[in-house]
Amino acid sequence: MRRRLLLLALQVAAVVAVIYIIQDGIHYLNEPDQVIITQFGEPVRAPITTPGLYFDLPIIQSENTFDKRALEYQSQPTQVPTKDKRYINVTAFALWRIADPLKFFQRVQDQSGGQARLADILDGEIRSAVARYNLIDLVRTTNRNRQDVAIQTEGESVILQSLEKGRRNLELEVLARASGRAADLGISVLDVRFRRMTYVEDVQKEVYARMIAERQQIAQQFVSEGQGEAARISGERDRDLAKIQSEAYRSAETMRGKADAEATRIYGEANGRDPDFYTFVKSLDIYERSLDANTIMILDSGSDLLKYLGKTK
Amino acid sequence: MKEAVINISRLTQLRVPRPSRQQAQRALIVLAVILLAWGMFYQVGPDEAGLVQRFGRFVRTGGPGLRVKLPAVETVTKIPVQRQLRQQFGFRSDSNGARLSGDYSVESTMLTGDLNVVVVEWIVQYRIADPYAYLFKVRDADRLFSDMTEAVMRQAVGDRTVTEVVTVGRPDIEATVQQQLQAMVDQYQMGLRVQQVVLQDVNPPPPVKPSWDQVNQAQQQRDRLINEARTEYNKVIPLARGQAEQAILSADAYALDRVNRASGDAARFDEQQAAYRKAPEITRRRLYLETMNRVLPRVGGKVIIDKDAKSVVPLLPLDRLTQALAAGKAGGK
Chain H
1 MRRRLLLLAL QVAAVVAVIY IIQDGIHYLN EPDQVIITQF GEPVRAPITT PGLYFDLPII
61 QSENTFDKRA LEYQSQPTQV PTKDKRYINV TAFALWRIAD PLKFFQRVQD QSGGQARLAD
121 ILDGEIRSAV ARYNLIDLVR TTNRNRQDVA IQTEGESVIL QSLEKGRRNL ELEVLARASG
181 RAADLGISVL DVRFRRMTYV EDVQKEVYAR MIAERQQIAQ QFVSEGQGEA ARISGERDRD
241 LAKIQSEAYR SAETMRGKAD AEATRIYGEA NGRDPDFYTF VKSLDIYERS LDANTIMILD
301 SGSDLLKYLG KTK
Chain R
314 MKEAVINISR LTQLRVPRPS RQQAQRALIV LAVILLAWGM FYQVGPDEAG LVQRFGRFVR
374 TGGPGLRVKL PAVETVTKIP VQRQLRQQFG FRSDSNGARL SGDYSVESTM LTGDLNVVVV
434 EWIVQYRIAD PYAYLFKVRD ADRLFSDMTE AVMRQAVGDR TVTEVVTVGR PDIEATVQQQ
494 LQAMVDQYQM GLRVQQVVLQ DVNPPPPVKP SWDQVNQAQQ QRDRLINEAR TEYNKVIPLA
554 RGQAEQAILS ADAYALDRVN RASGDAARFD EQQAAYRKAP EITRRRLYLE TMNRVLPRVG
614 GKVIIDKDAK SVVPLLPLDR LTQALAAGKA GGK
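Sequence order for the protein chains is H and R.
If you use the working numbering, the first sequence corresponds to residues 1 to 313, in order.
If you use the working numbering, the second sequence corresponds to residues 314 to 646, in order.
Think of the hints as simulated: they come from the structure by calculation, not from any bench.
All figures in this text were calculated on a predicted structure; none of them were measured in a lab.
Please note: incorrect hints may appear among the correct ones.
[Stated by the list, open to error] Calculated lysine to any residue pairs in the SDA-like style (CA-CA distance at most 25 Å, straight line):
1. R/Lys615 - H/Glu206
2. R/Lys382 - H/Val80
3. H/Lys165 - H/Asn294
4. R/Lys391 - H/Thr50
5. H/Lys205 - R/Ser524
6. H/Lys282 - R/Leu448
7. R/Lys615 - H/Asp292
8. H/Lys165 - H/Leu175
9. R/Lys522 - R/Arg412
10. H/Lys83 - R/Thr422
11. H/Lys85 - H/Lys258
[As the list claims (entries may be wrong)] Label-pair distances were calculated between CB atoms; the ranges are:
12. H/Ala176 - R/Thr480: 46 to 56 Å
13. R/Glu545 - H/Gly272: 50 to 60 Å
14. R/Val549 - H/Met297: 50 to 60 Å
15. R/Val549 - H/Glu201: 51 to 61 Å
Yeah, the Cβ is synthetic: ideal placement off N, Cα and C, and Gly gets one too.
Same shape as in the complex, but just chain H (with noise of 0.2 Å):
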């Protein structure tokens, strides 16, 4: 009975180490990975890409896999002084890919190895880039014509000022110089950009003093406009004013003047034929109109009206 149960002990045991031994030499290898099969830690073919069913050796080889992906990186953020002397704090991330699978594994073993250098040489280079330009080439990536941006102070003229390098141009910079170094690891960098930009905590200070001036300087140029503006128009209404004033006058005075003239016209035409009874006519006329019952009259008799008064015959 004790032999027998050990017996059976014994066979399980031997289909189970069998069964392990061979599903140890079966694998399957992920769509995105790529692996690299080593023997006592050392490797041995050539990286397996292709995804799918692959066998090795089992318990002497061991399989390394690594993402045949793109991954990214992402840079702590950084202070680092400008070429013009602005702290800021950069935060960036990279685009890369396990290129050289096999140079890879000899030169930082795993992906977090590669990480761990990768984020050393591009802490560095965007470092020395930063520290390379001044702020505004991090900043912006092209030169703008004046057309084109609505401005309302002299601090946002700025934006016209032409750059050396632009963000884009300084990334690529970073780039380039990052792929070099990193090709030595089997690294192959496609990408680098700027994630986030900001000012550190004093210099944000400054510039959110330097903002509200500039607004406040905005806001005293609306006021003064307006004044000014509404100066202008009260101007223009005293001058519309006497123009129209004026011309009215000078309108108005013509046409009577004319009219006078033609009605002296008039007048000395028909009493110029006959001034003798002209002058008696108005004579007449005017007696009429200025005798009246304040007047008194003395009259002699002798006049042509009262000539017939003393006497009879």
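Here the structure of chain H is known, so what remains is to put chain R in place on it, guided by the hints.
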């Protein structure tokens, strides 16, 4: 030890009658079929695609519905290809759109082209257009996409002045970011389609905000001053125009009156004169006497002096005469 063995032998004795070999085989087959069926079918949701890998190798994509795969050797990853995905920057909201509290200002604070600071909050909506690329070309595409969006947004804002970003530049920024982001996604082969970039609140940083409001107020003040001046202008000028017209019209009236009267007077004179010429002497007398006839009765005081009397004038009490005249008038009244 011995006892245990005995127990086991007893238990075997107690067992129900052993199933036949055939029965055991049938049971095994049924079990196997159930297990196979369990591993054979999978369901893909209406907005998903199922990516099937055999031994890790991608073999096919299955659309929505109940699908079949080889059990054990094939695995399925379901990707929501139809769903609109969304990432928020500078804020987070729950499914109802209500804002959640929390400080996300590191995402939204950025530098403008005039080296000022602005706080931009935005969302980006996207879709997984190519699930193969999404899964197998880039690791953690969503996180990478988020970082790319931040980078592209900062690049766009970095090319504009703070005034532009806060005021007129919004649609331009949205369009630029969407276009550049898509270009970058294509370059990285991430299998995503950027559908929309929507700016939310865009503000100057909180400490600076009051001074911006001040500018708004100043702008309003400017408009008010100008409007007041215009109102005053409009109050005065049309009135003056009316009055000017009135003055001209009344001058015209004067002119008409004057000329017409002159013509009338002239015509009358002409007529009189024509008649007078026919009998000058008698007409002259008649006119004179008629006039005197009308005038003399009206005259208040009449003093007749003989033509031979000399120097009576100094004796005339002119004062008394005028007084009498005035008294006569008052009495007459």
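Taking the hints in turn, this is what the structure says about them:
1. R/Lys615 - H/Glu206: 108 Å, violated
2. R/Lys382 - H/Val80: 55 Å, violated
3. H/Lys165 - H/Asn294: Roughly 109 Å between the alpha carbons, so the hint for H/Lys165 and H/Asn294 is violated.
4. R/Lys391 - H/Thr50: 22 Å, holds
5. H/Lys205 - R/Ser524: Given that 25 Å is the threshold and the Cα spacing comes to 15 Å, the pair holds.
6. H/Lys282 - R/Leu448: 122 Å, violated
7. R/Lys615 - H/Asp292: This hinted pair holds, its Cα atoms lying about 11 Å apart.
8. H/Lys165 - H/Leu175: Since the Cα atoms of H/Lys165 and H/Leu175 sit roughly 14 Å apart, the hinted pair holds (cutoff 25 Å).
9. R/Lys522 - R/Arg412: Roughly 21 Å between the alpha carbons, so the hint for R/Lys522 and R/Arg412 holds.
10. H/Lys83 - R/Thr422: Holds. H/Lys83 to R/Thr422 sits at ~22 Å (cutoff 25 Å).
11. H/Lys85 - H/Lys258: 84 Å, violated
12. H/Ala176 - R/Thr480: 46 to 56 Å: 38 Å, violated
13. R/Glu545 - H/Gly272: 50 to 60 Å: The hint (50 to 60 Å, Cβ to Cβ) holds, given that R/Glu545 and H/Gly272 are roughly 56 Å apart.
14. R/Val549 - H/Met297: 50 to 60 Å: 58 Å, holds
15. R/Val549 - H/Glu201: 51 to 61 Å: 58 Å Cβ-Cβ, so the 51 to 61 Å window holds.
Violated hints, in rising order: 1, 2, 3, 6, 11, 12; the structure is consistent with all others.
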